[in-house]
Structures are given as C-alpha cells and as structure tokens.
Amino acid sequence: MTELNSTELNSAGLIRLSAAQLAAKLAAREVTSVEVTQAYLDRIAAVDGQVNAFLHVNTEEALAVAAEVDAIRAAGGAAAEELHELAGVPIAVKDLIVTIGQPTTAGSRILEGWHSPYDATVIKKLRAAKMPILGKTNLDEFAMGSSTEHSAYGPTRNPWDLDRIPGGSGGGSAAAVAAFEAPLALGTDTGGSIRQPGAVTGTVGMKPTYGAVSRYGAIAMASSLDQIGPVSRTVLDSALLQEVIGGHDPFDSTSLTDPFDNLVAAARTGNVTGMKIGIIKELHGEGYQAGVENRFNESLELLKEAGAEIVEVSCPNFKYALGAYYLIMPSEVSSNLAKFDGVRFGMRVLPKDGPLTIERVMAATRAAGFGAEVKRRIILGTYALSAGYYDAYYGSAQKVRTLIQRDFDAAFAQADVLISPTAPTTAFKLGEKLDDPLAMYLNDVATIPANMAGIPGLSLPGGLADEDGLPVGIQLLAPAREDARLYRVGAVLESLLEEKWGGPLLAQAPALGSTSTTAGGSN
Amino acid sequence: MAAINRDDVAHLARLAHIEMSAEELDRMAGELAVIVDSVKTVSEAAGDDVPATSHPIPLSNVFREDVVGHTFTAEQSLSGAPDAYEGRFKVPAILDED
Amino acid sequence: MSVDATLSFEEAMEKYDPVLGFEVHVELNTKTKMFSSAPNVFGDEPNTNVNEVDLGMPGVLPVVNKAAVESSIKIGLALNCKIAETCRFARKNYFYPDTPKNFQTSQYDEPIAYDGYLDIELEDGTVFRVEIERAHMEEDAGKLTHMGGASGRIQGADYSLVDYNRSGVPLVEIVTKPIEGAGSRAPELAKAYVAAVREIVKNLGVSDAKMERGNVRCDANVSLRPHGQERFGIRSETKNVNSLRAVEHAVRYEIQRHAAVLDSGQPIIQETRHWHEDTRSTTSGREKSDADDYRYFPEPDLVPVVASREWVEELRATLPEPPAERRKRLQADWGYSDLEFRDVVNAGVMDSIEETIAAGASADVARKWWMGEIVGRAKAADVDPAELGVTPQVIVELNKLIEDGKINNKMATQVLDGVLAGEGAPAEIVEKRGLAVVSDDGPLLEAIDAALAAQPDVAEKIRGGKLQAIGAIVGGVMKATRGQADAGRVRELILAKLGVEG
Numbered sequence: 001m002t003e004l005n006s007t008e009l010n011s012a013g014l015i016r017l018s019a020a021q022l023a024a025k026l027a028a029r030e031v032t033s034v035e036v037t038q039a040y041l042d043r044i045a046a047v048d049g050q051v052n053a054f055l056h057v058n059t060e061e062a063l064a065v066a067a068e069v070d071a072i073r074a075a076g077g078a079a080a081e082e083l084h085e086l087a088g089v090p091i092a093v094k095d096l097i098v099t100i101g102q103p104t105t106a107g108s109r110i111l112e113g114w115h116s117p118y119d120a121t122v123i124k125k126l127r128a129a130k131m132p133i134l135g136k137t138n139l140d141e142f143a144m145g146s147s148t149e150h151s152a153y154g155p156t157r158n159p160w161d162l163d164r165i166p167g168g169s170g171g172g173s174a175a176a177v178a179a180f181e182a183p184l185a186l187g188t189d190t191g192g193s194i195r196q197p198g199a200v201t202g203t204v205g206m207k208p209t210y211g212a213v214s215r216y217g218a219i220a221m222a223s224s225l226d227q228i229g230p231v232s233r234t235v236l237d238s239a240l241l242q243e244v245i246g247g248h249d250p251f252d253s254t255s256l257t258d259p260f261d262n263l264v265a266a267a268r269t270g271n272v273t274g275m276k277i278g279i280i281k282e283l284h285g286e287g288y289q290a291g292v293e294n295r296f297n298e299s300l301e302l303l304k305e306a307g308a309e310i311v312e313v314s315c316p317n318f319k320y321a322l323g324a325y326y327l328i329m330p331s332e333v334s335s336n337l338a339k340f341d342g343v344r345f346g347m348r349v350l351p352k353d354g355p356l357t358i359e360r361v362m363a364a365t366r367a368a369g370f371g372a373e374v375k376r377r378i379i380l381g382t383y384a385l386s387a388g389y390y391d392a393y394y395g396s397a398q399k400v401r402t403l404i405q406r407d408f409d410a411a412f413a414q415a416d417v418l419i420s421p422t423a424p425t426t427a428f429k430l431g432e433k434l435d436d437p438l439a440m441y442l443n444d445v446a447t448i449p450a451n452m453a454g455i456p457g458l459s460l461p462g463g464l465a466d467e468d469g470l471p472v473g474i475q476l477l478a479p480a481r482e483d484a485r486l487y488r489v490g491a492v493l494e495s496l497l498e499e500k501w502g503g504p505l506l507a508q509a510p511a512l513g514s515t516s517t518t519a520g521g522s523n
Numbered sequence: 001m002a003a004i005n006r007d008d009v010a011h012l013a014r015l016a017h018i019e020m021s022a023e024e025l026d027r028m029a030g031e032l033a034v035i036v037d038s039v040k041t042v043s044e045a046a047g048d049d050v051p052a053t054s055h056p057i058p059l060s061n062v063f064r065e066d067v068v069g070h071t072f073t074a075e076q077s078l079s080g081a082p083d084a085y086e087g088r089f090k091v092p093a094i095l096d097e098d
Numbered sequence: 001m002s003v004d005a006t007l008s009f010e011e012a013m014e015k016y017d018p019v020l021g022f023e024v025h026v027e028l029n030t031k032t033k034m035f036s037s038a039p040n041v042f043g044d045e046p047n048t049n050v051n052e053v054d055l056g057m058p059g060v061l062p063v064v065n066k067a068a069v070e071s072s073i074k075i076g077l078a079l080n081c082k083i084a085e086t087c088r089f090a091r092k093n094y095f096y097p098d099t100p101k102n103f104q105t106s107q108y109d110e111p112i113a114y115d116g117y118l119d120i121e122l123e124d125g126t127v128f129r130v131e132i133e134r135a136h137m138e139e140d141a142g143k144l145t146h147m148g149g150a151s152g153r154i155q156g157a158d159y160s161l162v163d164y165n166r167s168g169v170p171l172v173e174i175v176t177k178p179i180e181g182a183g184s185r186a187p188e189l190a191k192a193y194v195a196a197v198r199e200i201v202k203n204l205g206v207s208d209a210k211m212e213r214g215n216v217r218c219d220a221n222v223s224l225r226p227h228g229q230e231r232f233g234i235r236s237e238t239k240n241v242n243s244l245r246a247v248e249h250a251v252r253y254e255i256q257r258h259a260a261v262l263d264s265g266q267p268i269i270q271e272t273r274h275w276h277e278d279t280r281s282t283t284s285g286r287e288k289s290d291a292d293d294y295r296y297f298p299e300p301d302l303v304p305v306v307a308s309r310e311w312v313e314e315l316r317a318t319l320p321e322p323p324a325e326r327r328k329r330l331q332a333d334w335g336y337s338d339l340e341f342r343d344v345v346n347a348g349v350m351d352s353i354e355e356t357i358a359a360g361a362s363a364d365v366a367r368k369w370w371m372g373e374i375v376g377r378a379k380a381a382d383v384d385p386a387e388l389g390v391t392p393q394v395i396v397e398l399n400k401l402i403e404d405g406k407i408n409n410k411m412a413t414q415v416l417d418g419v420l421a422g423e424g425a426p427a428e429i430v431e432k433r434g435l436a437v438v439s440d441d442g443p444l445l446e447a448i449d450a451a452l453a454a455q456p457d458v459a460e461k462i463r464g465g466k467l468q469a470i471g472a473i474v475g476g477v478m479k480a481t482r483g484q485a486d487a488g489r490v491r492e493l494i495l496a497k498l499g500v501e502g
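Chains as they are written, first to last, in UniProt numbering: chain A, 1 to 523; chain B, 1 to 98; chain C, 1 to 502.
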C-alpha cells in the first residue's frame, strides 16, 4: 500500500494519476508521453498475467505515438499549441473495436488472427488526438456476457479479488483501468457492458446517448442498442474522453448531428443545487444485495446534503425490459453475426466428413468458431425472427421499447436525473453463474432500460459493500442528449464520496504484483 | 406460445448455419425453453395501440451524396481471406453433385 | 439433366389460361453503391470496386445513397405508382457466399413505391394494362464463378470464386400484380412488358438498361389454370431471363411445360427454374422450402426514408416525356408511316434520328441514312447503330456535300465508310480519297441546273421516282453542251442533284 501515497513522478506514481492530471503534467512538460506510456506498459507486463485484461499489447506503436507527441511538444510552436488536451495520454481499447495494425478478435475464436484493413471512427479520433493505444482489452465473446468469462481467450479477473469476475462484457477495459494498466479505456455498452464492469471494479463507465459516439468499426452485437463509451477512474476523465470520441459521423446513419453541451465544463463545474434526482422504485430494494442498497442510500443522503431534492418515480414497464431485451438483442445478433462464415475473413473449418459444400463449411466454421453463449443467442434470435413468431416476439419487444420510453418520459417530467444502483450485486465468483444463463442475464436488469430507450447512463463508484468489501456502482440516467447533466451530477457525487473516503476508492484496492498473495493464480 | 423442442432447435441451427451435435441440441433445447418461458410476458405487455420502436432516437432521411470515396486494392480485400485465387475469394462448391 | 415433356403451345392454350407475374431488377447507374461510397462500375479487376462496407467486414455500417433514392422515386412515378411518405429498409436473412453480410438489405413491407400500372402496347396496337404491385430498393450481390466440374455450372463445380465488385450496386425491383387475361398473347406481352420497363428506366436516365450486362434482369412467374377457374395454379419462377427474346421464349416454354405436367395429372412443383438459351428450355432449380424463412426485420442500422410531397413533386418535374407518348409525337412530327416508324423503332435508331434532325437534317434524309446505310453496317459489325460512331453532324455534312453537288450518293457511301474507318470528317475524306465530282463537272452542273429549271414538271417526276423521265433532262444538257458531255455522267449528276437513287 506504500505506493498509494507516492506523489513522486516515478513509474508507480505516474500510473495512479488521472488522465486529466497526466494531461496537465504532459502539457507542463513535467513528464513525457514516452515515460507515461512506458510506465503503463511496464505495469501491464507486471500484473496482466494475473488480471488478463489485455488480449494484445501494442507496445511499439504506442511508444512511437508517444515519442511523436513528445517531439512535437519539445519543438514547441504552432504544432505543439494545436495538440489535443489528451495528446500523449495512453488508452486501452476494447477488442470489439477494429484497428489497423493490431489484431481484432471480438473475444472470439472465429476472428483469431484477423487484422482489420480499416480503422473504426473512434480509433481515427484517438489517432487524430495522438493518444497512444496501449492495446486491445478482453471481453465476453462478441460482447455477450456480464462476466468476461465468455471470452475465448480466458476470463479477465477482478483486480479487487482475482477470484471474482470483473463484470462484462467490457471486463477487460474496466479491469485494465482499475488495475492501473491504463488511465482510460474504450468500452461498448449494449445492455450494461460499460456500466456494470465499472460498478464491480470501482471505476467510472459512461454509456453516452445512442448516436452520440459513432458505432462505425465497433463490431455490431445489437445495432439498435450498441454504443461506444469511455471507461476511466474519474468522472472528469470520462467527459474528456467522450469529447474526443463523440460527434457526428457520416459513416453511421444513426449518429446524431446536434451538438451537446460541453461535457468537460459540466464535469469541472459540477452542481446539484435545486436539482431533482429521482429514485426509480423498480430498480432497487428486492433482489438487490444489502451492501449495494446501503451504499445507494448513502449516496442519496450525500446528494440531498449537497442541495438536491430526492423524489421517487415509478417505471412500471421496466419489469418487461429484460424480457424484451432478450428478444431484440438476440434477434439483431443472429443477423449481425451471420457474416462470420469463413468466406471473407477469419477462420474456416472444414466438416469432419461428408461432402465439402460451402453450406457445410459455413456450419462447421460457425460451430467451431462460436462459443456456447453466442450460439445460444443466435439460435434464440433466429427463433424470435422466424416466420410465425415475429409478431409475438420481436414485434412485441419493439412495443415494450415504446412503453419503456414512455416510462422514462414520465419519470423525467418529475426529475432531472434518475438514480439507481448500477448492478444488483457486487462482483460474483468466477464460474458462479456460468451454467445459469438467466441468473447471468439478471445482472443487467438496472442497466438495460437505458439502452432500450437510447438515453445516457453513467456508473461511478459508490463505495464498498459492507458484507464483502467489494465495489458498488451508482448509476445516473438523464434524458437523451443530456449527457452533460450526468457529468455535472456525477462530478458532485464523486467529490462528496471521495471526501468521505479520504481519496479515490481505488486507493483501497489490494496491491497486485509478484508479492500478491491473492488466490487468483493458484487454481 | 408453443414450447421449444429439440426439433425446433435443429431447424433453427440449420437456418443459422451452425452445426450441432445431438448433445448440443438437447442442451440448447432445455436452455432455450427456460429463456423463452421467461420472456413470454413480453408478448402480453403492450396492446395493439402501442407503436413499435425500432430506433431509440428517431431520425429520418440520413443520406450520403453520390460521390465516390475510398476503395480497397484486391490485396486489401483479400487480406483476411481464408482462401483466395486470382484476386477472388475461393469457396468450396456451392452444391453437392446432383 | 432430364428433358421435360411439353405440350404444343396451341394445345396448352386450348386447355389452360396462363397467369403471369414479373420481378424485374433494374441496376441503377449511380456513381456509387447503394450503401457505400465505392464506385458502381462494371467489369473492373475483381474485388477492387469495393471497400469494407461492400465486403461486409466486421464493424461496418451502411449509409443510403441519396441519388439512388431519387432514381427509385423517379422509377415509381414513371410506373404511375404512389410514393410512400415513409418507408424503411429491412434485412432479408439468408446465407450465400455472394451475399457478404449473409443478409440482403432490401425493403420488405414498406416499399418506396406501390400501386402503379403500365400500359403496354402490343405489336398490333392492342393496349394491355399491367398492374404494378411495388417497386422497392435493394442491393445487388457479388458475382460467383463456378470452377472445375464438367460444365462450369453450379452443379458439380469443384469450387467457386467470388468477386464482390457488384456487391452493393443499387437495384430497384419492380414487381407486378398477377397478370390475367393475356391468353395466347402471354409470351408477346411478357416481352413487351420487359421492353417497356427497360425503355422507361433508360429514358429516365437512371439505368444503363443493358440486358446483356445484367442491368435489367427478369424473373418470370408462370402458372396455368383451367379456363373458367378463378383460383391461380401453382407457379414456377424462371430466374434471370436476360434478353427480350428469352423472356418471350421462356414464358412460352413454361406454359407448354406446365400444360404437359397438368395433363399428365401431376402437380406443379413450386420452384425456381433456370433458363437455358442454347436449348431454349428451363431446368429445375431449387424447390421452395422452409429454408426460405428470410426472417425479415427492420434494418436497425438505417433510418426511415421520408419522401415529402415537395420532394416527390420536385422529382416529378424532372421526369422526361414517357416513351410511348414521345413515340406518338415523333411519328407525327416526322410524318413517317406506321410501318416506317415501327421499322425505325425496331432498328433502335429513333433517338439517333431525332438527334440528326435536331442537327439540321430533314426527317427523310435522317431516315434514309440511318435505315438505309447505318443499320446494315451496325448489324454487320454486331453493335448498336448508335454505337457505330456516326454522329448526326456527319450525316448533316454528307447531305450538304450531296446537295451542293460536290459528291453523289454513291460517293457519299464511300465517304461514310471513310468516316467509320476513322479517316476524318466527310470533307477531309472527299479530298483525301479524291472523291469530289471533278471540277470539269462544273459546266455540266450549270447546264443541268438550267435544264431542270426549264422543265420543273419533269424534275418533279424524277423526284417522285419516275426515272424514265430523266431522258428529257439529259437531252437538254447534251444539247446545251453540244454533245460534249458524257451522257452517263450527266445522268449520275442529275440523280445526285435530285437526291434520287439510280
């Protein structure tokens, strides 16, 4: 724990700085990007054997970009002036987002070894901002899961307890940030895949408004629900990152054109005085772990003390949200994943016997290339869309979507921001829910409604549950396009909580490294 | 709503082009039955007067001007191909010999 | 491959009433593809007119080509359709290696145009109304080449090669309602309908409309029912019938085949059939099965197309005159007989004649050159007359040379050959080839002019084709030149002067 108090700019100290702090030190030329990037690469080398957050480490390119930024800064002049605020601040990228020069696997065997010939729009933006990309992070296969155990490349472990899951699907990005392997990461959130890992790893995760960040180059899971967003250790850092990756993209037809309020300014000038914050009746209480409930109530008290008015709202149709989600999502999955067939890219597997026809090669490839959860969802989606069932399943689920939106409309008529626990429980043990798909799906019960309605959702650390000492996440929701409002409220709650804890929550996380005696490596 | 059985799963697996062993079909049928049962309330949730929402944020008329953009070389196109021949993707026969 | 039994067409018609239906796919000639900015170009190096979108790479998203939507609305309007105020794209899910996403982005229950009709004029002038059910937007697939095996056909091929250059090319699919009451004229109507659609899209400028290149492709549905029966019979769908003649033959063949099957007491199988030009017959393709569960659902990566009435009216205002109306107008303007005009249309030179007249030629002169000279040469060269390389200016120039007496008709055809051989403009060729009527003709031409002026009634007779009357003029010239002129040459010059074939 000694490293926690270090304020020296040694490697151990550097990696504990927030992205905003790093940016300031880089701009002041107190450190170089190469030093920062190398510190993170060293940390990855030291601890990722335990955490398994990274599927690929992009050492050479990251250092080259860092050196480029350093050279520009050293030369000074207009080029240095024009550098983006986050230039030189490294970042990790969920391996669902395609990148030239690095493999993209989506956590699946079927894409093993595949290199994209094009960059996702968000990657182009990271490159334009000259942010070194540290590597690609682990995820549940094609982002389908809540534990990262469905990765074909082994599970990621929760830095708070290596026997526990880091959440999912973006467990790799959340764990990398929580384990100080990266100051920032990109995630994708279809039903909670940014927020729920944030909650269980004590990090910040933001799902922006649907269409706020281009989806171009994020391998589609469920097109009408997917959204790329930031993963970080502070609310301000997420705002900084969303400013980099957000904005209209002509390559994404669902990308929004209207400008948002300044997100960074909102995070810097947090304020909740006179704001109405709505507790969603259906998203706490029964089914929520006691420790989660306690931390949630504590946050409500802090917000009240800070001048917010707490009201209760009801969203009666949320009881259908999980069911509707598990019809819409797999339906879109079944179609989006049809392209993985062994013809144009990725693996090809020949049938063991019988005639060698393309149909059979496709079926053998998909059988070998996809894991059980992916197959389950493809089959479920194929069922929901098939003739005779469409109206009862997919059609009905789309109607439920309307009902959920109406619930949100009514709720936001009463409250500026809604609040709930991000996940019903703290991190569960690896393997605990692997054989019970339904139990696994229930992890997303509080996060799914935001995806169904396209509204933004922010999860930030709310403290540790009394019974297990593991992080609890607090979720804030705002109307579509009001992402700034989440950063404004989130920043206030974060500072109140940190004041209470005497520092960042992650400072309380156990140390990782060769001296660690945590059970993770032993089984 | 009809329960989902093993034959249904076999049919769906054919539609989805996923080869499945007998054991897989059995297991999947069991799992899907549970899932389908849990989502069945959805079909009763909304009345006929409720419109469907396919996009969370409604937009319309998002178009691209008819201007040529970037293209790939054949080498780029085929860079990830499991098999290729003379600038084209190579695939096994489409149909069995009749 | 077994040969199916057929009944004679006459016998089939005696026993059964055919019902037709067509799905015509029109490839739009936009600069880029339906959903990507890759070029929509025919016949380049494989897999180079593509980007990540056309290859269905992981992570890609479609964006709709506005020009393709406008072309589709224009087609809908030209087919007298209603234009949907709001319509969407859907995904049609099926696995096939020419379909890179393993779904086709198409329109399903919300086509952009619906409820139209087309009045088809048959050769004898009968007008038959074909009802249009819908015209919808979709994307083309890549191209498969089957290798190995004996035939190069799909059956028995060892492997196939895929070129995705065509993948994502914008298509409009035009679907008719069932066409009843055509009777024995069904094959003729089939050909005339597809010809009319082809003509319309070409006239709109939205497609290159070359059937031989697959710009216009026809799937023909045929079913038979006993005379007097209301209910339709089971249909077959003959795929990719890719010439007008083939459309006629395929419909005729399927009527004869269905009749034989029904006569034998067997049921018709609902299936796709493949047309073979060499044997002028169809073979069984694929039976309809539960594998045809396409699991359509609204394309979540695209947003609705809203065609405001203002937009539709703006587009309507840009529509060219419909081909049938244009033909009527042109025939009246040019004063051609029905027979002459039909020949012009069938020879495919109506546009060329119109341009030639616009360039300054008379209707008769334009027809004389196009029908008399160019069509034959085009046929010999196996190209479209318009593609032979004769511009309206060439014809106007040639005609002027004749009228000015610089060359005669016979020479003019030689000059035309020179033009086609790339020797330059007519005047240059006259000089280079030494074809000009020699200057010694000068005095002769003066004498001819005088003789014609002196006997205008005779001149008129010759113009009218009474060549025997020429003697009077020749005589007059010989007299004026005191017998010094070559009578044969004089005769040539008189004919040339009057623009009459010798």
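Take these hints with a grain of salt, some might be off.
What the simulated footprint calls covered on chain A by chain B, stretch by stretch (three residues with Cβ under 8 Å from a Cβ of chain B suffice, anywhere in the stretch; the number is not a length) [stated by the list, open to error]:
(1) 14–25
(2) 359–366
(3) 422–434
(4) 449–461
Here are the simulated distance ranges between beta carbons [unchecked claim]:
(5) B:Ser38 / A:Pro355: 53 to 59 Å
(6) A:Arg406 / C:Asp292: 51 to 57 Å
(7) A:Pro355 / C:Gly228: 46 to 52 Å
Simulated from the structure, these hints should not be mistaken for lab results. Just so you know, even glycine gets a beta-carbon here, dropped at the ideal spot from N, CA and C.
Now the hints, each set against the structure:
Counting residues of the segment 14–25 of chain A whose beta-carbon sits less than 8 Å from any beta-carbon of chain B gives 0, not enough to reach three: the coverage restraint is violated. With 7 residues carrying a beta carbon less than 8 Å from a beta carbon of chain B, the segment 359–366 of chain A meets the three-residue requirement, and the given coverage holds. With 0 residues having a Cβ less than 8 Å from any Cβ of chain B, the segment 422–434 of chain A misses the three-residue criterion, and the hint is violated. Look at the segment 449–461 of chain A against chain B: 5 of its residues bring a Cβ nearer than 8 Å to a Cβ of that chain, three or more, so the hint holds.
Taking 53 to 59 Å as the suggested C-beta distance range, the pair Ser38 of chain B and Pro355 of chain A does not conform, at roughly 40 Å. Range check, Arg406 of chain A to Asp292 of chain C: about 37 Å between beta-carbon atoms, so the 51 to 57 Å window is missed. Checked against the hint of 46 to 52 Å, the pair Pro355 of chain A and Gly228 of chain C passes, with Cβ atoms roughly 48 Å apart.
Checked against the numbered hints above, the structure violates hints 1, 3, 5 and 6; every other hint is satisfied.
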